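Going down the list, the sequences are from chains A and B. According to the working numbering, the first sequence is numbered sequentially starting from 1. According to the working numbering, the second sequence is numbered sequentially starting from 1.
FYI, nobody ran anything at the bench for these hints, they're computed from the structure. No experiment lies behind these values; they were computed from the predicted model shown. Hints may be right or wrong, so weigh each one.
[What the hints assert, rightly or not] Example chain A residues on the side facing chain B (calculated, C-beta under 7 angstroms, incomplete):
#1 Ala65
#2 Pro202
#3 Ala206
#4 Gly218
Each residue gets a CB set at the ideal place from its N, CA and C atoms; glycine is no exception.
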Amino acid sequence: MRLKTLAATAAMAVAGFAGSASAAGELNIFNWGDYTSAEMIKKFEAAYDVKVTITDYDSNDTALAKVRAGGHGFDIVVPSANYVQIWVKEGLLLEARPDQMENFKNVDERWVNVPWDPGRHYTVPWQWGLTGIGVNTKVYSGDINTSAIWLDPPPELAGKINVAPEMNDVLFATIKYFGGEWCTEDLELLKKVRDKLVEAKPKWLAMDYSVTEKLPAGDYSAVYYWNGAIMRSREKNPDIKFGYPKEGFPYFMDSVAILKDAKNVENAKLFMNFIMDPQNAAMISAFAKYSNGIKGSMQYMPAEMQSAPELVVPPEFEKAGEFLTTCEPPVQELYTKLWTELQK
Amino acid sequence: MASAEETARAADRKDIRERWLLSAPALAIIFVAAIGPLFVMLAYSFMMKGDYGDVKPWTFSLDGWTSVLFQRDIFDDTLGLADAHLTILWRSIRLSFYTTLLTLIFGFPTAYFISTRAPTTREIWVFLVTIPFWTNLLIRTFAMQQVIRNEGLVNTALIWLGVIERPLQIMNTDVAILLGMVYVYLPLMVLPLYASMEKLDFRLVEAGYDLYASRWQVLRRIIFPLVKPGVIAGSILVFIPSLGAYVIPRVLGGGKNMMLGNLIELQFGSGRNWPLGAAISITLMVLVMIALLFYVRNVSKSETGHG
């Protein structure tokens with residue numbers, strides 16, 4: 001839905017069309033918007049003579065709903081960790097066995113035996129990051145390492161906050177704010193969570209995905225959003241500072257998977273192998289500003305990323321981070337109901 | 001004589017048969033593409049929701065329909081009104097009504113102006129009204145965003161002129177949605193208004209003035225009754241798409257101020273409640289139908305009135 005993404009996708013499509021009218025193959029990637037390095041895609045297209053088309057989605061559920069409806073024509077999708085098992089259970093993914101591919105040796109051991117895909121039979125790491133706080137320090141100069149920025153906003157920020165419209169990220173931080181555990185069923189605590197969110201929401205300006213454009217421009221003064229997007233905002237506007245919610249914040253990882261009904265399986269596998277190459281993985285990160293899961297890619301990244309406050313978690317906040325997991329269906333349903341009450 | 005009558009009747013029958021035959025492809029398309037999916041939606045609205053979206057096929061449930069208006073409290077399990085849905089429904093109806101009213105206020109003088117020009121220049125004015133249609137709705141909505149955002153045209157100009165000190169927060173409010181809808185749907189009001197004003201016999205207006213009617217009386221007693229069908233047609237054309245607006249609230253409302261279209265999308269997306277989405281869609285259609293019935297009743301009344 002973002003104009004810039006739209007334009008970028010269009011430009012990419014045009015470039016792809018003009019550049020490789022004679023391309024031997026095709027590859028249709030269905031990925032989060034504003035997330036794919038055009039440079040990396042160009043390199044892939046040139047290397048394998050494949051015409052790549054990228055289509056955007058803005059939430060895991062949108063992607064899931066579209067693919068399940070069928071007739072989508074996509075080969076590759078990039079679901080978040082807590083959704084991979086849903087995709088697998090629904091029989092939507094191809095067991096592509098990336099663990100047997102040539103470049104798999106480059107995957108950081110930390111990301112091989114992951115709970116959502118033990119041994120990596122289906123997916124390859126794309127990027128990982130965390131949901132944190134971005135604040136325009138010209139507007140507010142107090143402590144920003146707390147979820148209070150958007151749950152109990154200081155008066156300077158009230159009415160100027162954007163919160164990622166992601167149920168899991170929002171509930172995670174709010175549950176942690178009250179000292180609870182993720183996937184808790186403690187109704188007393190959840191009631192506090194609900195009441196706090198209902199109270200805080202009128203102080204938010206938006207729940208939108210257009211942060212990289214609107215945070216630096218001053219439309220938003222604070223966001224609860226993904227670190228890479230906040231880093232990109234900071235590069236455009238140095239007043240933006242990143243904060244780690246000390247009460248607790250969620251980590252995420254998005255992984256590349258091949259769809260079971262993909263038409264270009266071979267090209268999709270080539271792509272999987274391609275992005276596990278450190279140089280190519282570095283290109284992905286250099287664009288979207290998130291870490292990737294590939295060993296040795298750091299040296300190919302721009303120098304400022306290697307020490308970026310958004311990417312290098314300070315030791316005092318390391319313990320506050322936790323991986324977002326999928327809760328049991330009844331808990332999930334409880335959370336969905338809670339979330340629905342916020343959708344006024 | 002009888003045989004001639006019979007031949008005529010047979011010819012009639014043949015005529016009717018041919019007409020049916022000729023319209024069969026169109027009817028088939030309407031049935032397959034419009035009525036078919038409607039039945040699918042109706043069926044879905046009566047099924048149980050699946051765990052990750054979709055429905056559990058052939059398991060009957062009224063949950064979709066009851067949760068349009070009611071919800072079970074998470075904490076004390078009592079059945080109450082679905083506050084969120086009612087807020088959104090009310091916002092949709094309210095904003096659509098205001099949009100209709102504002103487009104009428106702006107559209108009426110515009111249409112009057114065009115229809116009182118010389119016949120040759122009228123076409124140019126009508127042409128100018130249709131120019132916005134050349135651009136995609138999404139692009140026009142984003143353009144509107146550039147105009148009203150905090151660092152946008154309006155705010156920059158007002159600050160520069162010293163009218164305000166800090167930017168007005170227009171983006172991501174109901175006002176932004178309203179502005180967007182008035183801007184986008186205004187031509188839909190102007191065109192039918194113009195169509196009925198063009199047919200207006202302006203000698204009647206002159207006659208009114210000759211008989212010492214004031215300007216207001218001429219407008220209220222002569223012009224307005226005569227162009228009423230245009231007013232109603234324009235209002236319907238604006239009200240209905242406003243009610244189902246999706247792109248405008250999405251882009252200008254910041255994803256926080258939803259309208260019915262966004263609520264439906266939410267249910268098929270991260271809400272993972274397809275039966276509820278289907279039920280709200282049908283509710284929206286019923287609302288539109290009521291608006292149309294109102295239109296038909298009024299138009300037939302005003303037509304017999306002046307018949």
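_Hints the structure fails to honour_ = The structure breaks only hint 2.
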